[in-house]
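Single-letter residue listing:
2 protein chains.
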Amino acid sequence: MQKIDLLIKNGLVLDFEQKTEVKDVAIDDGKIIAVGKDLKNYDPLKVIEAQNKIVVPGFANTHTHAGMSYFKGLADDLPLMKWLTKFIWPTEKAFLSPKFVYDAALIGCAEMVKNGITIFNDMYFFGEQTAKAAEKVGIRAILGEGVLDAPVANYQKADEIFSYIKKMNEKFKEHELIDFAIAPHAIYTCGKENLIKAKDLAEKLDLLLHIHLSETRQEVEDCIKKHGMRPAQYLNSFGFFEGKVIAAHAIWLDEKEQEILANNDVSIAINTSSNLKLASGFDSFKSYIDHNVNLSIATDSVASNNNLSIIEEMSLTAKLQKVLNDDPTVLPAKQMVKIATLDGAKALDKSAYLGSIQIGKKADLILVDIDNIESQPLYDPFSHLVYSLSSEQIKDVIINGKMIMENRKLLNVDENELIEKARYYHDRIEKFTSS
Amino acid sequence: MQKIDLLIKNGLVLDFEQKTEVKDVAIDDGKIIAVGKDLKNYDPLKVIEAQNKIVVPGFANTHTHAGMSYFKGLADDLPLMKWLTKFIWPTEKAFLSPKFVYDAALIGCAEMVKNGITIFNDMYFFGEQTAKAAEKVGIRAILGEGVLDAPVANYQKADEIFSYIKKMNEKFKEHELIDFAIAPHAIYTCGKENLIKAKDLAEKLDLLLHIHLSETRQEVEDCIKKHGMRPAQYLNSFGFFEGKVIAAHAIWLDEKEQEILANNDVSIAINTSSNLKLASGFDSFKSYIDHNVNLSIATDSVASNNNLSIIEEMSLTAKLQKVLNDDPTVLPAKQMVKIATLDGAKALDKSAYLGSIQIGKKADLILVDIDNIESQPLYDPFSHLVYSLSSEQIKDVIINGKMIMENRKLLNVDENELIEKARYYHDRIEKFTSS
Numbered sequence: 001m002q003k004i005d006l007l008i009k010n011g012l013v014l015d016f017e018q019k020t021e022v023k024d025v026a027i028d029d030g031k032i033i034a035v036g037k038d039l040k041n042y043d044p045l046k047v048i049e050a051q052n053k054i055v056v057p058g059f060a061n062t063h064t065h066a067g068m069s070y071f072k073g074l075a076d077d078l079p080l081m082k083w084l085t086k087f088i089w090p091t092e093k094a095f096l097s098p099k100f101v102y103d104a105a106l107i108g109c110a111e112m113v114k115n116g117i118t119i120f121n122d123m124y125f126f127g128e129q130t131a132k133a134a135e136k137v138g139i140r141a142i143l144g145e146g147v148l149d150a151p152v153a154n155y156q157k158a159d160e161i162f163s164y165i166k167k168m169n170e171k172f173k174e175h176e177l178i179d180f181a182i183a184p185h186a187i188y189t190c191g192k193e194n195l196i197k198a199k200d201l202a203e204k205l206d207l208l209l210h211i212h213l214s215e216t217r218q219e220v221e222d223c224i225k226k227h228g229m230r231p232a233q234y235l236n237s238f239g240f241f242e243g244k245v246i247a248a249h250a251i252w253l254d255e256k257e258q259e260i261l262a263n264n265d266v267s268i269a270i271n272t273s274s275n276l277k278l279a280s281g282f283d284s285f286k287s288y289i290d291h292n293v294n295l296s297i298a299t300d301s302v303a304s305n306n307n308l309s310i311i312e313e314m315s316l317t318a319k320l321q322k323v324l325n326d327d328p329t330v331l332p333a334k335q336m337v338k339i340a341t342l343d344g345a346k347a348l349d350k351s352a353y354l355g356s357i358q359i360g361k362k363a364d365l366i367l368v369d370i371d372n373i374e375s376q377p378l379y380d381p382f383s384h385l386v387y388s389l390s391s392e393q394i395k396d397v398i399i400n401g402k403m404i405m406e407n408r409k410l411l412n413v414d415e416n417e418l419i420e421k422a423r424y425y426h427d428r429i430e431k432f433t434s435s
Numbered sequence: 001m002q003k004i005d006l007l008i009k010n011g012l013v014l015d016f017e018q019k020t021e022v023k024d025v026a027i028d029d030g031k032i033i034a035v036g037k038d039l040k041n042y043d044p045l046k047v048i049e050a051q052n053k054i055v056v057p058g059f060a061n062t063h064t065h066a067g068m069s070y071f072k073g074l075a076d077d078l079p080l081m082k083w084l085t086k087f088i089w090p091t092e093k094a095f096l097s098p099k100f101v102y103d104a105a106l107i108g109c110a111e112m113v114k115n116g117i118t119i120f121n122d123m124y125f126f127g128e129q130t131a132k133a134a135e136k137v138g139i140r141a142i143l144g145e146g147v148l149d150a151p152v153a154n155y156q157k158a159d160e161i162f163s164y165i166k167k168m169n170e171k172f173k174e175h176e177l178i179d180f181a182i183a184p185h186a187i188y189t190c191g192k193e194n195l196i197k198a199k200d201l202a203e204k205l206d207l208l209l210h211i212h213l214s215e216t217r218q219e220v221e222d223c224i225k226k227h228g229m230r231p232a233q234y235l236n237s238f239g240f241f242e243g244k245v246i247a248a249h250a251i252w253l254d255e256k257e258q259e260i261l262a263n264n265d266v267s268i269a270i271n272t273s274s275n276l277k278l279a280s281g282f283d284s285f286k287s288y289i290d291h292n293v294n295l296s297i298a299t300d301s302v303a304s305n306n307n308l309s310i311i312e313e314m315s316l317t318a319k320l321q322k323v324l325n326d327d328p329t330v331l332p333a334k335q336m337v338k339i340a341t342l343d344g345a346k347a348l349d350k351s352a353y354l355g356s357i358q359i360g361k362k363a364d365l366i367l368v369d370i371d372n373i374e375s376q377p378l379y380d381p382f383s384h385l386v387y388s389l390s391s392e393q394i395k396d397v398i399i400n401g402k403m404i405m406e407n408r409k410l411l412n413v414d415e416n417e418l419i420e421k422a423r424y425y426h427d428r429i430e431k432f433t434s435s
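Protein sequences, first through last, are from chains D and R. With our numbering applied, the first sequence corresponds to residues 1 to 435, in that order. With our numbering applied, the second sequence corresponds to residues 1 to 435, in that order.
Treat the hints with care, as some may be off.
Simulated crosslink set (DSBU-like; lysine-lysine; CA at most 30 Å straight-line) [unchecked claim]: (1) R/K431 - D/K338; (2) D/K334 - R/K338; (3) D/K334 - R/K19; (4) D/K334 - R/K82; (5) R/K86 - D/K338; (6) D/K86 - R/K395; (7) R/K93 - D/K286; (8) R/K395 - D/K421; (9) R/K338 - D/K82.
Cβ-Cβ distance ranges computed for the label pairs, FRET-style [said to hold, decoys possible]: (10) R/D371 - D/Q18: 36 to 44 Å; (11) D/D427 - R/L84: 51 to 59 Å; (12) R/M403 - D/E221: 23 to 31 Å; (13) D/A150 - R/Q218: 38 to 46 Å; (14) R/G360 - D/T329: 34 to 42 Å; (15) R/N416 - D/K431: 25 to 33 Å; (16) D/T85 - R/N416: 30 to 38 Å; (17) D/T189 - R/K136: 57 to 65 Å; (18) D/T85 - R/E259: 36 to 44 Å; (19) D/K256 - R/L84: 54 to 62 Å; (20) R/N325 - D/D427: 46 to 54 Å; (21) R/K402 - D/Y424: 36 to 44 Å; (22) R/Y188 - D/K409: 48 to 56 Å; (23) D/K19 - R/E420: 43 to 51 Å.
Honestly, the hints are just simulated from the structure, not real lab data. Just so we're clear, the structure is a prediction, and the values are computed from it rather than from any experiment. We treat Cβ as the ideally placed atom computed from N, Cα and C, and that holds for glycine.
Work out the full structure: start from the sequences and follow the hints.
Structure, rendered in structure tokens:
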């Protein structure tokens with residue numbers, strides 16, 4: 001009998017290749033070491049009885065701003081520029097500090113785990129604080145430190161940010177859960193010089209590049225006016241896509257740009273809720289799929305979503321794409337779940353060891369309860385996940401082989417403390433914005 | 001001290017007119033008898049401590065097919081006609097019986113209460129069975145008996161259905177929760193003769209008329225071909241809208257048709273999830289609002305949604321309408337909640353006594369928990385309801401002054417029995433459709 005850390009018994013194990021059926025999953029030293037029916041030869045430290053549960057690969061949330069968690073619902077139903085200039089930017093200016101970012105990211109990470117997210121790809125400032133929050137909660141994180149030409153947070157120049165990234169990359173190099181990345185904010189806030197510096201540094205340190213791309217029609221029009229070409233063409237013109245790039249939003253790309261992305265293995269982070277809520281627009285992602293662009297799913301920040309539910313994003317994205325393409329067969333449920341898990345891991349350059357329930361991969365799993373009336377009847381677990389469920393049926397979350405949430409209780413943080421702290425900031429922010 | 005049935009203490013009471021603030025709600029004999037701060041002069045049989053809860057008027061789900069509950073997720077991501085002809089219609093033909101409809105409607109009603117729905121407007125067959133299921137669960141229901149020219153369920157001719165409606169109307173006349181209605185299925189399944197008969201009977205008995213209208217582009221094109229005019233014009237041409245009509249879907253109406261609806265006080269049941277998932281289409285409801293058409297929110301059946309979450313429908317509808325109108329100020333959260341409650345009650349001709357938390361109205365209320373990390377921070381309860389929450393935060397449901405769900409446990413049905421029965425039907429339906 002081989003001693004192992006964890007055995008998940010009798011769960012309905014999602015499989016993208018083979019039949020999804022009731023199996024056991026054996027986990028040791030953070031990894032999946034066996035998947036099969038009625039596994040016998042193990043002596044587990046802990047057993048999870050997963051009868052009437054679906055075992056799902058953890059969701060990859062590929063575009064977030066966890067440090068903005070306290071701005072959830074601060075101001076809604078407003079034009080983008082009014083929202084930014086009257087609420088978000090002044091509030092950030094007044095409140096942003098390492099401590100604020102840590103506190104906000106902590107509740108953000110906690111909420112992500114509650115939504116079945118096991119890795120997130122962030123873009124914000126004070127990345128070390130978000131790294132510490134993720135470490136505390138026990139979730140994987142890629143911290144893209146925001147690069148802008150203008151002064152940000154506590155840095156006057158982009159070069160200081162690059163130095164910070166080098167330092168952080170060194171500091172967290174061996175960390176099991178944390179990576180750093182370089183996040184030039186967008187082509188309209190980061191000039192060619194800094195975009196090239198970012199790309200060069202990313203290549204040197206083998207880091208991901210994370211950028212907002214073609215989120216609004218305005219961005220495209222301005223780019224054409226200024227550079228004589230569209231945003232993806234512009235970035236391509238000086239080799240930005242030679243790096244490992246994930247582009248967030250990307251809803252205003254023409255087919256030629258889609259080809260550029262595909263040829264350069266650039267992945268897209270789809271943010272449907274945010275794009276609709278801010279009235280930024282939408283695009284047919286069927287065309288992106290036809291051009292072989294790798295897609296992934298993201299929530300954006302709670303300031304423009306206003307939650308962190310990947311299940312809601314899957315449902316919304318799949319449904320919207322069907323009607324946009326006048327074809328209900330577009331983005332079927334199984335493909336949608338794959339985009340939110342395995343393809344998300346691929347977008348983050350981690351599909352070799354994340355994103356599916358396979359021997360040798362890291363044990364990042366979520367257990368979804370189907371023993372409730374909302375889950376009846378259940379003909380197809382993929383359809384059920386995308387179209388029927390809400391995040392509350394996600395009961396247990398395992399990351400790197402460790403239980404992070406058990407029966408919806410987070411194990412590494414005190415939820416009441418998070419609530420109290422959020423109310424503390426709420427009162428101060430509300431007072432500030434209403435004055 | 002006045003003896004009363006129920007006192008809800010210290011809840012954040014949603015108000016469409018005045019400020020939403022912490023208040024008490026006093027309930028007696030099924031009605032709201034007082035709303036105010038720190039109510040003193042009552043001696044309640046039961047007190048609900050609603051601190052950290054939002055008190056919301058119950059949701060009105062204005063277009064459902066509760067008898068189809070066992071077809072949830074039976075077949076997804078398929079073209080409409082393949083879905084109907086290969087799965088839904090043959091399965092209905094094989095399984096439909098009074099007992100099947102009762103069982104399916106029972107779990108459907110249970111799931112509706114779990115989603116905060118306190119009244120639903122159904123269209124299906126064997127209405128008495130659905131009425132009994134609603135009565136058992138304790139939810140208000142309007143049972144629109146489906147009228148088609150072709151034989152349905154156990155009726156060969158529409159005249160038999162009209163007789164059944166008369167009988168049922170008589171039988172349930174004094175029932176506190178149940179009304180019957182007449183539901184001509186659609187203009188392409190119900191000819192002018194039966195549409196007129198339905199309208200005449202509805203006027204005679206003072207019943208609602210409930211019809212599918214302009215759900216697909218095909219329906220409009222066929223109508224123009226056959227009748228030389230668009231569907232709403234066609235119905236108007238022989239006075240159908242003289243009745244009290246609620247039209248489900250209605251996403252392919254031109255402005256002239258929108259005017260016809262407004263002039264005749266016809267309300268619309270919006271079914272965004274179903275319209276997107278089946279790729280039926282979408283329309284800008286801003287134009288309907290500008291034409292003064294009363295809007296309401298519906299889930300359609302779980303066969304094409306695949307859940308019964310009004311919160312999801314509010315979120316989806318508000319977001320989609322913003323992007324369609326290129327304007328994030330369209331359908332702000334407060335208006336969206338009003339559409340899902342008070343305007344829904346108006347669509348069902350019941351706004352005089354349902355749909356808002358006001359003295360004299362029936363006590364149909366839901367209590368929404370905000371003492372969780374997903375609800376932090378909370379700046380605006382309307383925004384929170386529409387954009388942040390899921391149905392699982394709905395903890396308690398009160399209908400007609402009675403507790404129907406307490407801390408997410410249904411009080412009038414055994415949920416385990418519902419689950420077992422659903423699994424029984426699941427196995428039989430799966431066997432039938434895969435053979």
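Hint by hint, here is what the structure shows:
Between R/K431 and D/K338 the CA atoms are separated by roughly 27 Å; this keeps the pair inside 30 Å, and the hint holds. Straight-line distance between C-alpha atoms of D/K334 and R/K338 comes to about 36 Å, which puts the hinted pair past the 30 Å bound. Distance check on the hinted pair: D/K334 and R/K19 sit about 45 Å apart at the alpha-carbon level, beyond 30 Å; violated. Taking the CA atoms of D/K334 and R/K82, the gap is near 19 Å; set against the 30 Å cutoff, the hint holds.
Only pairs whose Cα atoms come within 30 Å are accepted, and R/K86 paired with D/K338 is accepted, the gap being roughly 27 Å. The straight-line distance between the Cα atoms of D/K86 and R/K395 is roughly 35 Å, outside the 30 Å bound, and the hint therefore fails. A threshold of 30 Å between alpha carbons decides the hint, and for R/K93 with D/K286 the separation of about 36 Å lies outside it, so the pair is violated. Among the hinted pairs, R/K395 with D/K421 is consistent with the structure: their alpha-carbon atoms are about 24 Å apart, no more than 30 Å.
Taken as a hint, the R/K338 and D/K82 pair is honoured in the structure, with Cα atoms around 25 Å apart against an allowance of 30 Å. Take R/D371 and D/Q18: their Cβ atoms lie about 43 Å apart, and the range 36 to 44 Å holds. Distance hint check: the CB atoms of D/D427 and R/L84 are about 54 Å apart, consistent with the given range 51 to 59 Å. For the hinted restraint 23 to 31 Å between R/M403 and D/E221, the CB-CB distance of approximately 56 Å leaves it violated.
The hint said 38 to 46 Å for the Cβ distance between D/A150 and R/Q218, and at roughly 53 Å that hint is violated. The beta-carbon spacing between R/G360 and D/T329, approximately 51 Å, falls outside the hinted interval of 34 to 42 Å. Checked against the hint of 25 to 33 Å, the C-beta distance between R/N416 and D/K431 comes to roughly 49 Å, which is inconsistent with it. Checked against the hint of 30 to 38 Å, the C-beta distance between D/T85 and R/N416 comes to roughly 54 Å, which is inconsistent with it.
Here the CB-CB span from D/T189 to R/K136 is close to 59 Å, well matched to the stated 57 to 65 Å. Separation of D/T85 from R/E259 is about 39 Å and conforms to the stated range, judged on CB atoms against 36 to 44 Å. Our hint of 54 to 62 Å for D/K256 and R/L84 is violated, since their Cβ atoms are close to 40 Å apart. Range check, R/N325 to D/D427: Cβ separation about 35 Å, and the 46 to 54 Å hint is violated.
Evaluation of the 36 to 44 Å hint for R/K402 and D/Y424 yields a pass: the beta carbon distance comes to about 39 Å. Remark: the range hint 48 to 56 Å for R/Y188 to D/K409 is upheld by a beta-carbon distance near 52 Å. Against the hinted window of 43 to 51 Å, the Cβ-Cβ separation of D/K19 and R/E420 comes to about 25 Å, which falls outside the hint.
Violated hints, listed in ascending order, are 2, 3, 6, 7, 12, 13, 14, 15, 16, 19, 20 and 23; each of the other numbered hints is respected by the structure.
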